[in-house]
Amino acid sequence: AIERFNGSFVHNALGDAGALLRAGGGRLSVSDAVGDIAENECAVGLAGYGVLLQRFTGSLRHNAVREGLVWSGAEVELLNVTGSIEDTDECPGDLIHAELGLRIERMRGHIRNNVVGRNLALVLDGDVVVRDMVGDIAANRMANGSLVRSPRAGALELGAVPLELLDLDAP
Numbered sequence: 002a003i004e005r006f007n008g009s010f011v012h013n014a015l016g017d018a019g020a021l022l023r024a025g026g027g028r029l030s031v032s033d034a035v036g037d038i039a040e041n042e043c044a045v046g047l048a049g050y051g052v053l054l055q056r057f058t059g060s061l062r063h064n065a066v067r068e069g070l071v072w073s074g075a076e077v078e079l080l081n082v083t084g085s086i087e088d089t090d091e092c093p094g095d096l097i098h099a100e101l102g103l104r105i106e107r108m109r110g111h112i113r114n115n116v117v118g119r120n121l122a123l124v125l126d127g128d129v130v131v132r133d134m135v136g137d138i139a140a141n142r143m144a145n146g147s148l149v150r151s152p153r154a155g156a157l158e159l160g161a162v163p164l165e166l167l168d169l170d171a172p
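Using the working numbering, you'd call the opening residue of the sequence shown number 2 and step up by one each time.
Simulated from the structure, these hints should not be mistaken for lab results. Please note that the accuracy of each hint is not assured.
Derived Cβ-Cβ restraints for the label pairs, each shown as a range [said to hold, decoys possible]:
(1) A75 - R132: 16 to 22 Å
(2) R132 - T58: 16 to 22 Å
(3) A144 - A2: 15 to 21 Å
(4) R142 - S32: 27 to 33 Å
(5) G25 - R142: 22 to 28 Å
Using N, Cα and C, we set each Cβ at its ideal position, and we do this for glycine too.
Build out the structure end to end from the sequences listed, making use of the hints.
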């Protein structure tokens, strides 16, 4: 866990196999962090068996990642995030990969201007919940994918996001 961290993770070049932050077999939790995660080059940004960003005021911006900015073998949770996920320079895969659900609640930051090869978010199983989000999901470029791709919608609450932008196999 990273808690009450006021610094930034900036300008790291980790090569094609490295992860910027990886929890080896466990959950990666970043809480009450202020600094940015920016301008890094790596295979994966944040990785773990579960990824939680909570009360994170920094932004994830201008990163180049091969596999994904956030990769989780379980659920991805973005809770009370005031920073943005934006300006990802290069991501040939999915920006967010969540094997067991995606939950975005009370996010004030934006998800915008990301260049993605496949999906903005790929959720293999579990619910997709976007609730009480104030920021925009805008100006993202997916070469061959959707905003959110999931085999089941679960408790989908997207507010103003048009449902035709989503690729959900469930009714």
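Status of each hint after checking the structure:
| no. | hint | in the structure |
| --- | --- | --- |
| 1 | A75 - R132: 16 to 22 Å | holds, 19 Å |
| 2 | R132 - T58: 16 to 22 Å | holds, 20 Å |
| 3 | A144 - A2: 15 to 21 Å | violated, 35 Å |
| 4 | R142 - S32: 27 to 33 Å | holds, 31 Å |
| 5 | G25 - R142: 22 to 28 Å | violated, 33 Å |
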